[in-house]
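Protein chains: 2
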Amino acid sequence: VVTAVDRPLAIIAGGGSIPRRVADAALLDGRKVLIIGIDGEADSRIADYPHGWFKWGNIGHLENLLAEHGTRDVVLVGGVKTRPDFRRLKLDFRTIRILPEILSIVVDGDNTVLTGAIRFIEKRGYSVIGAHEIAPDLVAEAGAVTRNVPRSAQLDDAKTAMNAARSIGLLDAGQASVVVNGRVVALEAAEGTDAMLRRVAELRDGGRLKWSGRAGALAKCPKPQQDLRVDMPTIGPQTVDTVAAAGLAGIAIESGRVMIVDREETKRRAEAAGLFIFAFPETGEAT
Amino acid sequence: VVTAVDRPLAIIAGGGSIPRRVADAALLDGRKVLIIGIDGEADSRIADYPHGWFKWGNIGHLENLLAEHGTRDVVLVGGVKTRPDFRRLKLDFRTIRILPEILSIVVDGDNTVLTGAIRFIEKRGYSVIGAHEIAPDLVAEAGAVTRNVPRSAQLDDAKTAMNAARSIGLLDAGQASVVVNGRVVALEAAEGTDAMLRRVAELRDGGRLKWSGRAGALAKCPKPQQDLRVDMPTIGPQTVDTVAAAGLAGIAIESGRVMIVDREETKRRAEAAGLFIFAFPETGEAT
Chain Z
2 VVTAVDRPLA
12 IIAGGGSIPR
22 RVADAALLDG
32 RKVLIIGIDG
42 EADSRIADYP
52 HGWFKWGNIG
62 HLENLLAEHG
72 TRDVVLVGGV
82 KTRPDFRRLK
92 LDFRTIRILP
102 EILSIVVDGD
112 NTVLTGAIRF
122 IEKRGYSVIG
132 AHEIAPDLVA
142 EAGAVTRNVP
152 RSAQLDDAKT
162 AMNAARSIGL
172 LDAGQASVVV
182 NGRVVALEAA
192 EGTDAMLRRV
202 AELRDGGRLK
212 WSGRAGALAK
222 CPKPQQDLRV
232 DMPTIGPQTV
242 DTVAAAGLAG
252 IAIESGRVMI
262 VDREETKRRA
272 EAAGLFIFAF
282 PETGEAT
Chain H
2 VVTAVDRPLA
12 IIAGGGSIPR
22 RVADAALLDG
32 RKVLIIGIDG
42 EADSRIADYP
52 HGWFKWGNIG
62 HLENLLAEHG
72 TRDVVLVGGV
82 KTRPDFRRLK
92 LDFRTIRILP
102 EILSIVVDGD
112 NTVLTGAIRF
122 IEKRGYSVIG
132 AHEIAPDLVA
142 EAGAVTRNVP
152 RSAQLDDAKT
162 AMNAARSIGL
172 LDAGQASVVV
182 NGRVVALEAA
192 EGTDAMLRRV
202 AELRDGGRLK
212 WSGRAGALAK
222 CPKPQQDLRV
232 DMPTIGPQTV
242 DTVAAAGLAG
252 IAIESGRVMI
262 VDREETKRRA
272 EAAGLFIFAF
282 PETGEAT
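As given, the protein sequences belong to chains Z and H, one line each in that order. Take 2 as the starting number for the first sequence in the working numbering and just add one per residue. Take 2 as the starting number for the second sequence in the working numbering and just add one per residue.
If you are wondering where the hints come from, they were derived from the structure by calculation, not from laboratory data. The structure displayed is predicted, hence computed values, not measured ones. Fair warning: there could be bad hints in the mix.
Claimed, not checked - Sample of chain Z residues at the chain H side, in silico, Cβ under 7 Å: (1) V81; (2) A174; (3) L188; (4) A191; (5) L204.
What the hints assert, rightly or not - Below 27 Å or equal to it, Euclidean Cα-Cα: the simulated DSSO-like pairs (lysine-lysine) are: (6) Z:K160 <-> H:K224; (7) Z:K268 <-> Z:K160; (8) Z:K224 <-> H:K160.
What the hints assert, rightly or not - Reference listing, derived: stretches of chain H covered by chain Z, where coverage requires no fewer than 3 residues with Cβ under 8 Å from a Cβ of chain Z: (9) 157-171; (10) 177-189; (11) 203-210.
Glycine included, C-beta positions come from ideal geometry on N, C-alpha and C.
Next up, chain Z with everything else stripped away, as it sits in the complex:
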């Protein structure tokens, strides 16, 4: 009989280092792990951990892996660059049997796919757990993440940007906004955060936006509809570089609800560029 303590935490892993960070956190907590790498996405270094591999056409193999290790809790984490095209995959028998269910999940937009994937997994008796529930260090506590803290005008911009980001979240439009000297200069929708930040840099380079030195803030927070177990807003070293290139003074995030990819490198670059990263509590303080 497999006891609860013996049941490994399954980490279905896309790209990047976060799957291994989650595994480390679970191991430190005395928990067994099983990383199941998505073929073509997961980092080969998952081989340093108890692991397996899974191809999109091979749902039967995935289910076998989960079952034979007696896992109950599943984390889905890491980037997925390529959306599976089930019309072109070699499918195992199990996958073919459940294909109608899979296709009904895959046809819609991103959020629906993830919601569908969660439903698919939970229907089979597994619990889907957020990576940040295993590794709380992936998100920020309220307050300054960096040594740099926002000065008064920057804090005002950060709060205004956070409120703007929350407003457009209510529209299910985007997760991020930029405010400089009290003015909302950019709102994110389908283009994504990096493209929005590059737009701000271009508007400033072209003279359409003017300010001296570093000013203003990027704010990022989840949309109310997002299932944070599998779909969290993220910032990372690249966000810091793009924020710096746009001439902004810092980044505001929601505490506990925005993932910081490669936290040490993110902090290091922000501090080197003189930027703040500041986390507001989910409600209240930024209003």
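Given the coordinates of chain Z, assemble chain H onto it according to the supplied hints.
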């Protein structure tokens, strides 16, 4: 004694045809007009009407023109491409005397300049009137502007886009949004409506956004803070071209509160491209 009937409507004119449209409407209404063209901005064809010219450094001359014709009502209309730089202008004596007041108006953002200009004019006993109050045809009545009317899914997108545009107006961010098949794909801030529409076209060309045929809508409405007497959202032939290039199905505007520049050409191009232009009442129907 100059009687009320004799007092001409003064039209302080930036670029484009709208100042002459306003003059035509006033003349048809049996009212005298005086177009005062801003040097370097107004179309030379204002010379077909009772007119004068005004240089930014020459506020004294403007005040004399208004006074000697006995005007009381002033319309400010037409595009202004160049913001006056009062440090580099040849200033008349009157302008120098009121320069501190002018500079306090000019230092801030666009809306503040216009608000300041209105205050400046009204303090001197003039009434500032909206161009659309003289020429109601510059704005749309509720309903379809084009022969094309939005089909059911397009009408839903138009309503969603209108609500999104109103939401970001409350943030004082922008006037416009784009919604396609229920999804908010772009929100306008400092980049302006045309740049936002070009972004949608690029996201579609790059495969980030996908839909077949024409779908979705641009919505445009004023921010609650805008003084519609001098600062109205506008659409025109170029908006139609950019909306068409983005693969959208049409344009939603607010009735009575969005100016249609060159209405006939705007309609003609929209109908030729199979686009709708539809005006929602200010409140209620789009929610």
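Comparing the hints with the structure gives:
1. V81: Interface hint status for V81 of chain Z: violated (16 Å vs cutoff 7 Å).
2. A174: holds (4 Å)
3. L188: Hint holds; L188 of chain Z Cβ to chain H Cβ min 4 Å, cut 7 Å.
4. A191: holds (4 Å)
5. L204: OK, holds: L204 of chain Z within 7 Å of chain H, min 6 Å.
6. Z:K160 <-> H:K224: Holds - the C-alpha atoms of K224 of chain H and K160 of chain Z are around 21 Å apart, at most 27 Å.
7. Z:K268 <-> Z:K160: holds (21 Å)
8. Z:K224 <-> H:K160: holds (21 Å)
9. 157-171: That given contact holds, which follows from 5 residues of the region 157-171 of chain H lying within Cβ reach (below 8 Å) of chain Z.
10. 177-189: holds (count 8)
11. 203-210: holds (count 3)
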